[in-house]
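**Q** Respectively, the protein sequence lines represent chains A and B. For the first sequence, this note's numbering assigns the number 1 to the initial residue and increments by one for each residue that follows. For the second sequence, this note's numbering assigns the number 1 to the initial residue and increments by one for each residue that follows.
Please keep in mind that the hints were generated in silico from the structure rather than gathered at the bench. Accuracy of the hints is not assured; some may be wrong.
[Stated by the list, open to error] Derived list of chain B stretches under chain A, where covered just means 3 residues or more per stretch with a C-beta under 8 Å from a C-beta of chain A:
1) 6 to 19
2) 56 to 67
3) 79 to 87
4) 207 to 215
[Unchecked claim] Chain B residues, not near chain A, derived (Cβ > 10 Å throughout):
5) Ala29
6) Arg52
7) Gly94
8) Arg103
9) Ser129
10) Pro133
11) Asp144
12) Gly168
13) Ala170
14) Asp172
[Stated by the list, open to error] Label pairs and their calculated CB-CB ranges:
15) B:Arg171 <-> A:Asp693: 50 to 58 Å
16) A:Pro330 <-> B:Arg171: 48 to 56 Å
17) B:Leu51 <-> A:Gly562: 52 to 60 Å
18) B:Arg98 <-> A:Gly291: 48 to 56 Å
19) B:Leu197 <-> A:Pro733: 56 to 64 Å
20) B:Asp30 <-> A:Ala217: 28 to 36 Å
21) B:Tyr50 <-> A:Ile51: 45 to 53 Å
22) B:Leu197 <-> A:Ala725: 52 to 60 Å
23) B:Leu197 <-> A:Pro411: 48 to 56 Å
24) A:Pro330 <-> B:Gly64: 26 to 34 Å
25) A:Arg215 <-> B:Arg98: 38 to 46 Å
26) A:Arg82 <-> B:Ala162: 56 to 64 Å
27) A:Thr28 <-> B:Asp30: 57 to 65 Å
The C-beta atom is built at its ideal place from N, Cα and C for all residues, glycine as well.
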Amino acid sequence: MSDSGAERAPKGALGARNTDTVEVAAATPEAEQPFKELGLTDDEYAKVRQILGRRPTAAELALYSVMWSEHCSYKSSKVHLRNLAPRGAQAGRLLAGIGANAGVVDIGQGYAVTFKIESHNHPSFVEPHQGAATGVGGIVRDILAMGARPVAVMDALRFGPADAHDTARVLPGVVSGISFYGNCLGLPNIGGELSFDPCYAGNPLVNALCVGVMRHADLKAAVASGPGNQVVLFGSRTGPDGVGGASVLASATFAGDAGDGRAAAKRPSVQVGDPFMEKLLIECCLELFAGDLVEGIQDLGAAGVACATTELAAGGGPQVGMRVDLDLVPLRDPSLTPAEILMSESQERMMAIVTPGKAGEFAAVCAKWDVEATVIGEVTGDGLLTMTWRGGTVVSIPPQTAADGPVYSRPLARPSAQDELAADGPAMPRPDGGAALRQALLALLGSPDLADKAWVTQQYDAIVRGNTVLAMPEDGGLLRVDEDTHLGIALATDGNGRYCRLDPYLGTQLALAEAYRNVAMTGARPMAVTNCLNFGSPEDPGVMWQLAEAVRGLAAGCATLGIPVTGGNVSLYNQTGQVAIHPTPVIGVLGVHDDVRRRVCAGFGADGATIIVLGETRDELGGSAWAHVAHGHLGGTPPAVDLAAEQRLGELIVAAAAAGLLASAHDLSDGGLAIAVAESCLRGGNGCSIALDGVSPQAFTALFSESAGRAVVTVRPEQAAEFVALAHSHDVPAAAIGTVTGDSLQVHGQFDIPLDELAAVWQGTLPALFG
Amino acid sequence: MTFPGSLDDQDAARAVRYAGAEPVPLWHADRDLRGVDAVILPGGFSYGDYLRCGAIARFSPVMGSLVPAARAGLPVLGICNGFQILCEAHLLPGALTRNAALRFIHRDVRLDVVNAGTAWTSGYAAGQSLTVPLKSGEGAYAADPETLDELERAGRVVVRYAQAAPNGSARDIAGICSAEGNIVGLMPHPEHAIDPLTGPSADGLGFFTSIVGAFAGAGAAR
Chain A
1 MSDSGAERAP KGALGARNTD TVEVAAATPE AEQPFKELGL TDDEYAKVRQ ILGRRPTAAE
61 LALYSVMWSE HCSYKSSKVH LRNLAPRGAQ AGRLLAGIGA NAGVVDIGQG YAVTFKIESH
121 NHPSFVEPHQ GAATGVGGIV RDILAMGARP VAVMDALRFG PADAHDTARV LPGVVSGISF
181 YGNCLGLPNI GGELSFDPCY AGNPLVNALC VGVMRHADLK AAVASGPGNQ VVLFGSRTGP
241 DGVGGASVLA SATFAGDAGD GRAAAKRPSV QVGDPFMEKL LIECCLELFA GDLVEGIQDL
301 GAAGVACATT ELAAGGGPQV GMRVDLDLVP LRDPSLTPAE ILMSESQERM MAIVTPGKAG
361 EFAAVCAKWD VEATVIGEVT GDGLLTMTWR GGTVVSIPPQ TAADGPVYSR PLARPSAQDE
421 LAADGPAMPR PDGGAALRQA LLALLGSPDL ADKAWVTQQY DAIVRGNTVL AMPEDGGLLR
481 VDEDTHLGIA LATDGNGRYC RLDPYLGTQL ALAEAYRNVA MTGARPMAVT NCLNFGSPED
541 PGVMWQLAEA VRGLAAGCAT LGIPVTGGNV SLYNQTGQVA IHPTPVIGVL GVHDDVRRRV
601 CAGFGADGAT IIVLGETRDE LGGSAWAHVA HGHLGGTPPA VDLAAEQRLG ELIVAAAAAG
661 LLASAHDLSD GGLAIAVAES CLRGGNGCSI ALDGVSPQAF TALFSESAGR AVVTVRPEQA
721 AEFVALAHSH DVPAAAIGTV TGDSLQVHGQ FDIPLDELAA VWQGTLPALF G
Chain B
1 MTFPGSLDDQ DAARAVRYAG AEPVPLWHAD RDLRGVDAVI LPGGFSYGDY LRCGAIARFS
61 PVMGSLVPAA RAGLPVLGIC NGFQILCEAH LLPGALTRNA ALRFIHRDVR LDVVNAGTAW
121 TSGYAAGQSL TVPLKSGEGA YAADPETLDE LERAGRVVVR YAQAAPNGSA RDIAGICSAE
181 GNIVGLMPHP EHAIDPLTGP SADGLGFFTS IVGAFAGAGA AR
């Protein structure tokens, strides 16, 4: 699909003066239709005509084009995503899984948690502030639609080089958008990621996660049922914003580069957010749920009314249909055509199925919250989705045909360059001697990926609602769920595009392992997985191979860990011209904390505590932060993955936290032990004195290797023996390497860095770049 | 008190509970103050901060009851957006403007208690240092020099940022009170510092125990 076609589509295709009704369509089979501009292929258009037995009306064409877009239909990825379906014991705690708006997990004590991560990459490049803001808004409504109260958000962000001109436009805009929307919504932002790489320069990644909590009985379904029940549209009015956003922005490649004007020309496809309305919508919905006033509910996101009506009707089963009068949809712009009404992605809207007997109560709750609610149709028993506009029938389709969409087994092929990449292990000269190692540590600590993220996180409210126990910069976010029993949930997201570029299968498992480890570091038991798969164009066999490998790695990893994937999101066409981003699956892990009072922090807070490194350190620097920062090098193989060892490490930390043995715990990942220890010193405000020979005979390897399955913990000296015994019983290697002491990071025989110097390097980077 | 867009209302209610009193929810559209002994206007973005922070909430029906009650001595605490509403309602002088750096700021700040004689700070000692979160985009206190001089002269500066105000507040003022001391407004959030589990300290609890103590004392005296 060409860019120019996408821009032309709304006017040429949808501005027809005379209504294109079903009767007109049947009588004019040869009328030319702009299906290509709307993103449908010749085959797909032929399929629509075959389903309907005639050509589609303009409104039907719009509906099928958005429903069958990559973003809404997952047509390229579905064949692979099937591998993620939980099997056997994995599904044990799932109350709702893949296919629902978001997966729902039983966390005990009658509580259920729903969480999901979703991309808003393309809109955030075009208009960073609103693109990121509405990304938060959209995922929050997904969680709300499950019947849960949204309780926190997180965001995983990736940009082009930190010092690139366009990053200075995109990053502050994205952060201000998340800050503006999330803060005003009253949801704490408890963590996420921020990293930089040239591959994201024309295609930043903005992945937003939301988590919600409910009682088991509150679970809602996106299902229309009961002929005669009312279809109610409530929330904001429908306007021309975001018409075709999903099909235009998220389902095709940007042909242009940043700054040449093409991005600007797409601005009308980006939605505009109103977090105040969303806050009212949340409280309104929760009061509707509490009063048992809805039979089914669906949020309006990508593809707006088209998607909500289609999915609700299709969800009801083959007998269920829906009749909608588009004249009743409250509009901000009365000139909208039926097709535009269907495609509009105006924010802060929901659709509910309500029995006539409860309509009065429903309206009263909406009125209390100043939320406009309009009955636009009713559920029928004829199995058809029918829509009328100004007296004519403009849509008459079997809803399942639009909801299902095509499924493609696109060609995939391992790129031949993979072998060269794997053979190009980091053979660069390594720093040798104390002064060089000291310099290498400081260079890594001050690099944008590893530097202090306070410039970003200080713009987020992390504490509203009063249940935030841990938030960034801790390894995982931790929320209290019950004030009396101290039950809580932990969350972390991780991804590493460099590892995945080298090996998408292992890279995805490493992301899974890191998120799993981060959740365990808080003292929580990892329990479920969500994912956001950010890849290039599915029309590139090499990209499809990356996607297939990543999904295969995730499925196998989750099976080994015994935890289910509960849902997720796929974002394709993340590329500029022919150049795709690094394959970047972002993995979110949810854990359950039995007693949040026993949470574990990452900082060295206890003076005199014994520092212990857990896990095995090998010489693994392929795709490492050191190779990237010191040499701009990407090659070799990523660290080995041993998920059974990750599981043992996680179980050890959880057991030790419950027994009160841990003064701190911090996972080892990017930058290895050097960065982990520096961060723990800075967060705890204490120095340390360590020796490296217990970690690796090579000081460089001990400091900068990124072997997975490791953590650095501190234990009070009198509890050290008990902890080490516990580690042995979990079959986790444990090496005491030193003590928390003083006000410098001291490595025996190598170097000594005062905390003030570490802090200045760590904290100075982002403010120097972004003001 | 909950306005549309109030966000820290349940946090304020929790702080009241921690202080040993019963929180009573009040609703913006309801003129009835339900016989409460004191009112807290919580943080948030009432009416989406449209027009100006607090500018619309100030015209809520409930404010028609609250303003005369406060003028007659009802203790009122405005936190963050609540402080903005109190200024818009002219129960407190001055205004809150955009942070100097034009960005939302969330961080823990140290406050010095300047006036420990108000209904909301009597449990503190003058000069006491508190660590409490600040989280706001429009938290820079501003007033004309005469008003600032008068606030300082009359001891109506209640809390001050111990280090330079991160938001550019005039004279590092973090909170002020009415001439009678029953109405207090501040930008930092004491209700988020009532338990070290979920906040940086429990230093903020004193605002709530102060007012509860005042009524407990009054009850005993009767």
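**Q** Broken hints, numbered, in rising order?
**A** As far as the earlier hints go, 2, 3, 4, 5, 8, 10, 18, 19 and 22 are violated by this structure, in ascending order.
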